[in-house]
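J.: Residues per chain are reported as follows:
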Amino acid sequence: MKHLLEVVNLQTAFQSEKSEIIAVDEISFTLNAGETLGIVGESGCGKSITSLSIIGLLGKKGRVKKGNIYFDNEDLAQTSESDFRKIRGNQISMIFQEPMTSLNPVFTIGNQMIEGIKLHMKLSTKEARSYAIEMLEKVRIPRAEEVMKEYPHVLSGGMRQRVVIAMALACKPKLLIADEPTTALDVTIQAQILELMRNLKEESETAIMFITHDLGVIAEMADKVIVMYAGQIVEEADVFTLFKNPKHPYTQGLMASIPHIEYEEEERLSSIPGTVPTPQNMPKGCRFHTRCPYVTEQCKQERPDLFQINDTHKSRCWLVKTEKHNKE
Amino acid sequence: MPVVETKKRKELNPNQHQHDKQEILHNLEKEESYFRIIAKRFLNHKLAVIGLIVLFLIMLVAIFAPFIATKDPYQINAAFGAPPSAEYWLGTDLVGRDVFSRILYASRVSLMVGFGSVLIYTVIGTIIGAVSGYFGGRVDMIFMRITDVFMSFPQLMVILVVVSIFGPSLLNIIVILGVLGWPSVARLVRGSVLSLKEVDFVKSAVVLGISTPRILFSHILPNVMAPLLVHATFGIAAAIIIEASLSYLGMGVQPPISSWGNMLTDAQSITVISSQPWLWIPPGIMIVITVLAINFVGDGLRDALDPKMTN
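Residue numbers (full-length UniProt numbering), protein chains in the order written: chain A, 1 to 328; chain B, 1 to 311.
These are calculated hints, taken from the structure and not from any lab test. Keep in mind that the hints are not guaranteed to be accurate.
Claimed, not checked - Here are the simulated DSBU-like pairs of lysine-lysine, each with C-alpha atoms no more than 30 Å apart in a straight line:
| hint | chain 1 | residue 1 | chain 2 | residue 2 |
| --- | --- | --- | --- | --- |
| 1 | B | Lys197 | A | Lys60 |
| 2 | A | Lys61 | B | Lys197 |
| 3 | B | Lys197 | A | Lys18 |
Unchecked claim - To give a feel for the contact side, a few chain A residues facing chain B, derived at Cβ under 10 Å:
| hint | residue |
| --- | --- |
| 4 | Phe84 |
| 5 | Ser93 |
| 6 | Met100 |
| 7 | Gly116 |
Stated by the list, open to error - What follows is a list of derived Cβ distance ranges for each label pair:
| hint | chain 1 | residue 1 | chain 2 | residue 2 | range |
| --- | --- | --- | --- | --- | --- |
| 8 | A | Glu20 | B | Met225 | 49 to 59 Å |
| 9 | B | Leu43 | A | Leu269 | 54 to 64 Å |
| 10 | B | Leu57 | A | Ser43 | 55 to 65 Å |
No experiment lies behind these values; they were computed from the predicted model shown. Glycine included, every Cβ here is placed at the ideal spot set by N, Cα and C.
Produce the entire structure from the sequences given, and follow the hints as far as they go.
T.: Quick look at the structure:
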């Protein structure tokens, strides 16, 4: 089967005053219908830039410099703005992190929902209205009909995020990009929203790209996972392999820094020393070598590729290569 | 904008939804509640309410001037410079026209200049500011440099020069003030649009595939309305003052049409100032009252629409 989304060697650059900054580099992955892809990494590693590149929201200064983004056999990196507008909202939609600001405060929920529905589904206002109510009920908003007439500020964060999800899924998109959709919500609401997204996905066969820095959420939601570091994919695996057998030292570090309740009182939570290098002064060789506990001379000099460990598991680390080599 | 948020939450009563009969009423109530909160806050501002009443009265006077005026404002009467009397309530001017009637008619001029020019420049400024803020880059650069140039001239001087080129008349003054006044509005709108376009709901609208003009004019601009309204209110007061200044200098509304400013022209002579106060005190007072009233309304509006003010 052809992949729904296939990103090949994506490189996104931002123009700054003096020079061009490469924000993400050598990003390749595929996503099939009905699958959920989790993208993890710490702040500034390029998770959001990757998703914004796909949906074409890089703004004036950013552009896809190299690579292709095939969505339904169409290369989004080459699509004109006007064609893109037909795809956005209709075939690809996106949920943002902050439900407090992702609805326009001067319009009622109904107005905002109906606008998108009318635009893409060519329904009359009346039909769009009843469809919007149906969508709100689907995301389990009580008193959907009344909520249609309300302004966003009277709703709680969880309710708003439900509305946002309802809007995003209204036109039955093939791909939904969720950029930290639950980060701003408290934990119980978070669980409800995740549950809701999972159910809706099963119903509609929508593929989801789930961006988060929360490994717990990834474990809950994703089928396969991409770990990003400093603008690159450092490890790619299905969710079980990744949690059981993380290969890249960065992934291992991330796993180790999840707090557990059964920790000894005295024991300190482990963390990865240092900070993410800025795009302006990327270290030579492996980008992680300055913080890596297993660093070798080779890491400091040569850039590792994304080595294939098995069919579904890849890691950008010299150790993996050596290990594999030794086995053979 | 969070404006709405802090205010309206208080209004929400979670128990109101229970009875079906109340629901319709309740919904009606809710639709208006944003405006109700604003209105409530505005009404708490005593001076603003007084200002609004005074402004309203002046508007009524302007509209119904022909019915209220005791005399024809252009009619030259026998008594020149006569003091107030039962026949001429505020006396007559140096050519024998009834001062009271002229003041009533002059209010039309002031309000027309105030509202007309502000309407023109708010529309121009909003469009320029919105486009320049949203698209940024070169467009923004060009518009903002033009704005800088406009703002670096002493306004009254420019207006005087332009009026002397096109000739003084009521319509010319409205148009000139309108065409020259937009830079500050453009700045204001640009600033708001710059910050609003980064907000998630704008990105969501883009993601939903909504067209750019529609995002700009129907998603972003309504959020700029509050500061714009306040700015426009103060602009009206300023325009009235400028019209009065121009008319006082003889470059504004031309006699026989009366304007508060050109009525003050008579006060250029020392004898009038010292011995015929009815010629200049009433129009002077009218200018002060009108401008003050409008400024109070503006103050009240600003406070009512300001999200940081809690009560």
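J.: Work down the list of hints and note, for each, if the structure agrees.
T.: Hints, verified against the model:
{"no.": "1", "hint": "B:Lys197 <-> A:Lys60", "verdict": "13 Å, holds"}
{"no.": "2", "hint": "A:Lys61 <-> B:Lys197", "verdict": "15 Å, holds"}
{"no.": "3", "hint": "B:Lys197 <-> A:Lys18", "verdict": "25 Å, holds"}
{"no.": "4", "hint": "Phe84", "verdict": "8 Å, holds"}
{"no.": "5", "hint": "Ser93", "verdict": "6 Å, holds"}
{"no.": "6", "hint": "Met100", "verdict": "8 Å, holds"}
{"no.": "7", "hint": "Gly116", "verdict": "4 Å, holds"}
{"no.": "8", "hint": "A:Glu20 <-> B:Met225: 49 to 59 Å", "verdict": "39 Å, violated"}
{"no.": "9", "hint": "B:Leu43 <-> A:Leu269: 54 to 64 Å", "verdict": "55 Å, holds"}
{"no.": "10", "hint": "B:Leu57 <-> A:Ser43: 55 to 65 Å", "verdict": "60 Å, holds"}
The structure fails to meet hint 8 from the earlier list, while all remaining hints are met.
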